[in-house]
Amino acid sequence: MNFDFSDDQKMLRDSARKFLSEKCATKTVRKVFEGAQGYDKDLWKQIAQMGWLGTAIPEEFGGLGLGYLELCVVAEELGRAIAPVPFSSTVYLFAEAILAAGTDEQKKKYLPKIASGELIGTFARAEGAGAVTPKSTRATFKGGKLSGKKIAVVDGMDADFAIVLARSSDDAGERGTALAIVDLKSAGVARRAEDSIDPSRKHAEITFDNAGAEALGKAGDGWQITSRVLDRAAILTAFEQVGGADVCLVMAKDYAMQRYAFGRLIGSYQAIKHKLADMYINTELARSNAYYGAWALSTNARELPLAAAAARVSATQAFDYAAKENTQTHGGIGYTWQMDCHFFYKRSRELGLSLGPQRSWKDKLVSQLELSNAG
Amino acid sequence: MNFDFSDDQKMLRDSARKFLSEKCATKTVRKVFEGAQGYDKDLWKQIAQMGWLGTAIPEEFGGLGLGYLELCVVAEELGRAIAPVPFSSTVYLFAEAILAAGTDEQKKKYLPKIASGELIGTFARAEGAGAVTPKSTRATFKGGKLSGKKIAVVDGMDADFAIVLARSSDDAGERGTALAIVDLKSAGVARRAEDSIDPSRKHAEITFDNAGAEALGKAGDGWQITSRVLDRAAILTAFEQVGGADVCLVMAKDYAMQRYAFGRLIGSYQAIKHKLADMYINTELARSNAYYGAWALSTNARELPLAAAAARVSATQAFDYAAKENTQTHGGIGYTWQMDCHFFYKRSRELGLSLGPQRSWKDKLVSQLELSNAG
Amino acid sequence: MDFEDTQDEAAFRAEANTWLSANARPRGAKSAKDDIEEMENGAAGEMAASKAWQKKKAQAGYARITWPKGMGGMGGTPMQSIIFNQEEAKYDVPVGAPFAIGLGMCIPTLMTYGDDAAKKRYIVPAVQGDEIWCQLFSEPAGGSDVAGLRTRAEKKGDEWVINGQKIWTTGAQFSDYGILLTRTDANVPKHKGLTMFYIDMHDPAVEVRPIKQASGGSGFNEVFFTDLKVKDSQRLGEVGQGWQVALTTLMHERLAVGGGQGGGLDVKELMGLARTLELEDGPALKNASVREKIADWYVRSAGLKYTTYRTMTALSQGKQPGPEASIAKIVVASKLQDISAFAMELEGEAGALKGEDAPAHGAFQMGWMSAPGLRIAGGTDEILRNIIAERVLGLPQDVRVDKDVPFNKMPSGR
Amino acid sequence: MDFEDTQDEAAFRAEANTWLSANARPRGAKSAKDDIEEMENGAAGEMAASKAWQKKKAQAGYARITWPKGMGGMGGTPMQSIIFNQEEAKYDVPVGAPFAIGLGMCIPTLMTYGDDAAKKRYIVPAVQGDEIWCQLFSEPAGGSDVAGLRTRAEKKGDEWVINGQKIWTTGAQFSDYGILLTRTDANVPKHKGLTMFYIDMHDPAVEVRPIKQASGGSGFNEVFFTDLKVKDSQRLGEVGQGWQVALTTLMHERLAVGGGQGGGLDVKELMGLARTLELEDGPALKNASVREKIADWYVRSAGLKYTTYRTMTALSQGKQPGPEASIAKIVVASKLQDISAFAMELEGEAGALKGEDAPAHGAFQMGWMSAPGLRIAGGTDEILRNIIAERVLGLPQDVRVDKDVPFNKMPSGR
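Residue numbers (our numbering), protein chains in the order written: chain A, 1 to 375; chain B, 1 to 375; chain C, 1 to 414; chain D, 1 to 414.
Each hint should be verified, as a subset may be incorrect.
Stated by the list, open to error - Okay, derived cross-link-like pairs now, DSBU-like style, lysine-lysine, Cα gap no bigger than 35 angstroms in a straight line:
1. Lys18(A) / Lys212(C)
2. Lys268(D) / Lys403(C)
3. Lys268(C) / Lys149(A)
4. Lys268(C) / Lys212(D)
5. Lys253(B) / Lys192(C)
6. Lys192(C) / Lys305(D)
7. Lys212(D) / Lys135(A)
8. Lys212(D) / Lys135(B)
9. Lys31(A) / Lys319(C)
10. Lys409(C) / Lys218(B)
11. Lys403(D) / Lys253(A)
12. Lys403(D) / Lys409(C)
13. Lys403(C) / Lys192(D)
14. Lys120(D) / Lys149(A)
15. Lys409(D) / Lys18(A)
16. Lys212(D) / Lys18(B)
17. Lys319(C) / Lys45(A)
18. Lys18(B) / Lys319(C)
19. Lys268(C) / Lys135(A)
20. Lys319(D) / Lys10(A)
21. Lys23(A) / Lys319(D)
22. Lys409(C) / Lys305(D)
23. Lys286(D) / Lys253(B)
24. Lys286(D) / Lys135(B)
25. Lys268(D) / Lys149(B)
26. Lys268(D) / Lys286(C)
27. Lys192(C) / Lys403(D)
28. Lys192(D) / Lys253(B)
29. Lys135(A) / Lys135(B)
30. Lys41(A) / Lys212(C)
31. Lys319(D) / Lys135(A)
32. Lys409(C) / Lys23(A)
33. Lys212(D) / Lys253(B)
34. Lys212(C) / Lys27(A)
35. Lys253(A) / Lys319(C)
No lab work stands behind these hints: they were computed from the structure.
Assemble the whole structure, with the sequences as input and the hints as a guide.
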């Protein structure tokens, strides 16, 4: 048994961390956070040059074909840097959906452009507040035409293409749904920027009015493909969340080791020590769940859906807690705009919501336990 | 506005506390806890002589007719002393049920004996594990005959009479239920002692085989009367729970003020201080909710069901936390049989379950909010 | 135990209502969002209106009911001012926030330590809302540790020359005066070397810079002093006695009855949201886990509300509410953070939006973004728990390495 | 990253299985209740069987795989002993609990500090289960603060005379020998005045009294010493060096890979219960709030399980697991308390019963009653969080007033 990343994977991690600490310091994040730009174009270009976008894309489609463990390694580093680039929308969601359900032409058409950084993709599900369900999906995709409205589409203003969950028949259930690939620059597509709690991940409302689109996978399979893609994205995002949580712990610790109150380092008070110990515990548990997810992802294991839900819930809880209590540890200064704490506080919530809230994943987790009897 | 007990009520509290600290030290509790006796007979006699059993029973039925605020005062003191007597079964449940739904003869028959301490009563609902619902109620009461089995009946071995929730018609819902008053010494009644997590409140399984019984209230009203009685008992029990939580806080504080670790009083460590601060916060919130319940109880206010649920949930949470963390504050010694911590740990759980678990009360609370729109 | 007014209370309530209805319009629905915006920005918005309303109240004696006549008060009881506040809340009047600190903390301190000339000069204009006061205690070097402050005041003849920086000063941007805690002797233990002054905020030697909060709002300021000259007559209390003076000020702060914080985002608003949402298994309000959380938060809100009633009762019995008032902010701040986060979970992907793009006009996003500030401002969760443990429960202080060391010998990481 | 054995690991696993199947029967279903009873009573029950099985394993080299041949070991790798434990768990064999402390802590300490005669005399009988050892550190006056112990050892000629009391001694009632930490000098700071010995538990000067726990079980003992005479040759380490010796012992304790605690009451058992219960709104397992809690606990259990895998991997790479092993008990103990309490809530009124009168044979009641002990024994939640903060995260120690003071001058409330 070996429940650790390989030396090559660790080298990849070290070089990625070095690269991002140089090219993606928080001032880079702040630029996007405070600016109108949806993402940092230079950083995106360089990330493409590093080949990260194609980490898990087979060589025949222009990727490096390294595999998912390597992609998990990259994901953790992007999470640590809260990199302001449309990586997750493009790689975890769009590319994964094409790989999961695309025809050979579709793979040939989209994947090389993704690997080279020419194409930004995203995935559109929600149409309003509340749970995303087959029932709540009103957008229609019939006869190659897509109509309806999607909200809170991550990187929606900058994406070239979107995969859209829509209704393909009158069947009110899962089987009535399909996925459509649509060129967001084509006729019948209108976009509006939406304010995001995390301006370093911009959102958009996208309206489709008889926009031309091509099918991804069979009509009726929309829901089932989506949920497979979400499982994979959840594991990759869990690594971003664990990376973020880890940085919050380090920030809090460093501050506690230099801030004095009542003549003592605040890190010598149990209230701070135990808070940080809990951050550590949650983050380690989340990391272990994410590792298991990475294994399931890389081996396409039967346990993938359970592993994904566990990684998702665990990482969301760990990042939420770490981001929240990192700010608290910093005290007043941590609540100022000038400090970086709030980037992580906001990113933690955004990541925790963008693939669907904990509640849905917890329910999914228990359903998997009921099937597997692993519970 | 005056949201406090009156001076007379405070005098009653002081004398009750003095009385119980003399007559009901924890060695009295320990005797029942470790012995076969279901309750402390001497203490019960003296409590009867003090007139407490009739605190809220009208004078015409042999009580003091003082009222419910006074009964709340007594309840808190009994809770502080975790008094090993069948007070709650007899007074909060049996007597309240008679007062709520009894005929004049029934009141004349039972209430004076309760006030004088000659009659111990209890209330039997559950028949197995899980929620008590009209559906889960299989015992039948038809033609004056009661058949079926009830479990976890508090003070069931010592009670003279029980009020039993049973099915009176084939209607599967609330309207199919009725209440029966049964003499537990009569033919067709068999009892078996059950092990309780809190041996200072003994439980029994009672089997009825065509036992003669008289109706309490109209057939079909069983469920609705029960739920009214439970509301009232919940508020009175909340005072016992708040009393218990308060004692746990004092025990933990006193220990923290005399126990040294690493050359310092453990009470000077933030881990202990903040734990005790949280105990204090929970207990004060619970006390305030209980006060509101006392007001609703004493004025029969429209808000009674909401106030009862809030008092119940708040007091259960406060006592659970205080009992648990009092033991933790004491460390190893707190986990020994010889110390008193475990009496409160066990009583907190027993009180939290005997009128139904938090879950049911929380659901009831929100239903009330939906009605009242007070939420 | 009852919730009814006594005869006198009822009479006063009627009086107050007569006056209020003659001078203001009943209040319409006000969104939780507005409340939070006020909390965020210290209600700098409607200053003129606030001042006018304050003057009206002062002239009628309602501005500071418990204060003597002629001082903007009517020599009333604490319960009367509680009643007036309850009634005033039903009318559409500008917020009194700008005056809260001046009248709640600064002026009472001036009353205790100022000379007659100062009292004569400053009290009435403050009560009438003509002059606004702020409190200048916190510093970058001493947040929770207020007495760790470094702003120096040096005696030069009959004047003091003050240099240094304050932070987290609420309302400094629109204040006319402030009470300022300074260090006048660094060679003695930190609590012994402090001295309090009141200063003119319009002095060119005073520079106010707003602080942008993580939420985007700006309720607080940094205040810089460069060779600010202050007359010795503006000293409050003896030289070196500043900490005792400051404790009076802070004690007055706690006299304000808790609750009300948290921008009114509570169970009611959460239920309102839940009524509008569908989850995987149907209406959100029917979901067992949603219901359980609503109940958990409700018992804390209700418990706090009734604790406030108990405190009011104590006040009306002439007792002084103790530090137990500190429980309010601990409970409210975390509850705001938890309810907001949970509401965003219910909203799902849409929960990641804010402002008008988000459900409920982004009220929960705003609550969630301001909650971390509420958990810190006016005493962090940790400091407040210390206060409860030490002042309510009587537990011993933590080991204090800073008590008997000269301030300039105290470890500070500098 | 994979869960498969390497070739060598697979080979060893096969070997182990061949031996196990030749010497034991495959294990049938064992209830969580049995596990907890073991935890509660230190498995005093099946002592003879335990000893016999231990001897068998020792002769085959499986008793202490990483130890050298002839010492009951086979000079194997840590991963091999993990593999053997995994396989052994599948067989119906007596628990090794009685030997855990002796072989895990006492004998390793003897190996480091004992003289050759002692090693020759004691190691093999211990590994073979003929002799059982216990660890005598904790005292009433020093629970979390182990070094605060007061048991005195006075040198009289070539002997030491020991008087005092120990507490929380696991297995003392069936131990033959023990390692004993004493105070030999009260005039120096507390860590400097300690000395370690090993003693004969059958000496009439040693009295063992079982402690009855709140749960009713008795896994721990008090041990009293009245003029116990010990040869100087039974000293482990130098006089005054006892604390360093004790740290070796405790370090060995942490080498035991975490997990497994909590008497196996976990999500699986909770789901098993939920499957059998009806709530107000239908099957418990369909209730959204029940499902949410199951998920919360599952991610902690699974996270812990995979953290253990990471630790095993580190071990197999020759790294030593650090104090991060401490997270296991913190997580498991609270989870046991919470799951048990929640299960009792699901059971409703029946949850207040125990033993065979309660659902699931009272497993959850038993778990709930033993959880407070688990949160304390072997380091309280608070101490373990200190350890993580200081040794893993490198935060500074709390202020230590006990470090440089002579022990007999140290505040102790006596």
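Hint check results:
1. A C-alpha spacing of about 31 angstroms is found between Lys18(A) and Lys212(C), which places the hinted pair at or below 35 angstroms, so the restraint holds.
2. Between Lys268(D) and Lys403(C) the alpha-carbon distance is near 54 angstroms, which puts this suggested pair outside the 35 angstroms criterion.
3. A hinted pair counts as satisfied when its Cα atoms are at most 35 angstroms apart, and Lys268(C) with Lys149(A) qualifies at roughly 30 angstroms.
4. Pair hint Lys268(C) plus Lys212(D) does not hold up; C-alpha atoms about 49 angstroms apart against a cutoff of 35 angstroms.
5. Taking the CA atoms of Lys253(B) and Lys192(C), the gap is near 31 angstroms; set against the 35 angstroms cutoff, the hint holds.
6. Distance hint between Lys192(C) and Lys305(D) is unfulfilled; the C-alpha atoms sit about 55 angstroms from each other, more than 35 angstroms.
7. As the CA atoms of Lys212(D) and Lys135(A) are separated by approximately 59 angstroms, the hinted pair breaks the 35 angstroms bound.
8. With a CA separation close to 43 angstroms, the supplied pair Lys212(D) and Lys135(B) exceeds the 35 angstroms bound.
9. In summary, the hint linking Lys31(A) to Lys319(C) is not supported, as the alpha carbons are separated by about 55 angstroms, beyond the 35 angstroms threshold.
10. With a C-alpha separation of about 82 angstroms, the suggested pairing of Lys409(C) with Lys218(B) is violated against the 35 angstroms cut-off.
11. Distance check on the hinted pair: Lys403(D) and Lys253(A) sit about 25 angstroms apart at the alpha-carbon level, within 35 angstroms; holds.
12. At most 35 angstroms may separate the alpha-carbon atoms for a hinted pair to count; Lys403(D) and Lys409(C) meet this at roughly 22 angstroms.
13. Proximity of Lys403(C) to Lys192(D) is assessed by CA-CA distance (about 29 angstroms); at most 35 angstroms being required, the pair is judged to hold.
14. Among the hinted pairs, Lys120(D) with Lys149(A) is inconsistent with the structure: their alpha-carbon atoms are about 81 angstroms apart, more than 35 angstroms.
15. For the hint pairing Lys409(D) with Lys18(A), the CA-to-CA distance comes to about 53 angstroms; that exceeds 35 angstroms, so the pair is violated.
16. For the given pair, Lys212(D) sits about 31 angstroms from Lys18(B) by alpha-carbon distance, which is consistent with the 35 angstroms threshold.
17. For the proposed pair Lys319(C) and Lys45(A), the alpha carbon gap of about 69 angstroms is over 35 angstroms, so the pair is violated.
18. Between Lys18(B) and Lys319(C), the direct Cα distance comes to roughly 25 angstroms. Compliance with the 35 angstroms bound is thereby established for this hinted pair.
19. A hinted pair counts as satisfied when its Cα atoms are at most 35 angstroms apart, and Lys268(C) with Lys135(A) qualifies at roughly 28 angstroms.
20. About 17 angstroms separates the Cα atoms of Lys319(D) and Lys10(A), which keeps this hinted pair within 35 angstroms; it holds.
21. Of the pairs offered as hints, the one joining Lys23(A) and Lys319(D) holds, with about 34 angstroms between alpha carbons and a cut-off of 35 angstroms not exceeded.
22. Taking the CA atoms of Lys409(C) and Lys305(D), the gap is about 50 angstroms. The hint is violated against a cut of 35 angstroms.
23. Between Lys286(D) and Lys253(B) the CA atoms are separated by roughly 42 angstroms; this puts the pair beyond 35 angstroms, and the hint is violated.
24. Distance check on the hinted pair: Lys286(D) and Lys135(B) sit about 18 angstroms apart at the alpha-carbon level, within 35 angstroms; holds.
25. As the CA atoms of Lys268(D) and Lys149(B) are separated by approximately 30 angstroms, the hinted pair is consistent with the 35 angstroms bound.
26. The hinted pair formed by Lys268(D) and Lys286(C) meets the criterion: a straight-line CA distance of about 27 angstroms does not exceed 35 angstroms.
27. Note on Lys192(C) and Lys403(D): the hinted pairing holds, with a Cα-Cα distance of about 29 angstroms set against a maximum of 35 angstroms.
28. For the proposed pair Lys192(D) and Lys253(B), the alpha carbon gap of about 32 angstroms is at most 35 angstroms, so the pair holds.
29. Distance check on the hinted pair: Lys135(A) and Lys135(B) sit about 33 angstroms apart at the alpha-carbon level, within 35 angstroms; holds.
30. At roughly 27 angstroms between alpha-carbon atoms, Lys41(A) and Lys212(C) fall within 35 angstroms of each other, so this suggested pair holds.
31. For the hint linking Lys319(D) to Lys135(A), the alpha-carbon distance of about 53 angstroms lies beyond 35 angstroms, and the restraint is violated.
32. Taken as a hint, the Lys409(C) and Lys23(A) pair is broken in the structure, with Cα atoms around 42 angstroms apart against an allowance of 35 angstroms.
33. The hinted pair formed by Lys212(D) and Lys253(B) meets the criterion: a straight-line CA distance of about 24 angstroms does not exceed 35 angstroms.
34. Of the supplied pair hints, the one linking Lys212(C) and Lys27(A) holds, its CA atoms being roughly 17 angstroms apart against a limit of 35 angstroms.
35. Proximity of Lys253(A) to Lys319(C) is assessed by CA-CA distance (about 44 angstroms); at most 35 angstroms being required, the pair is judged violated.
Consistency with the previously given hints fails for numbers 2, 4, 6, 7, 8, 9, 10, 14, 15, 17, 22, 23, 31, 32, 35, ordered from lowest to highest.
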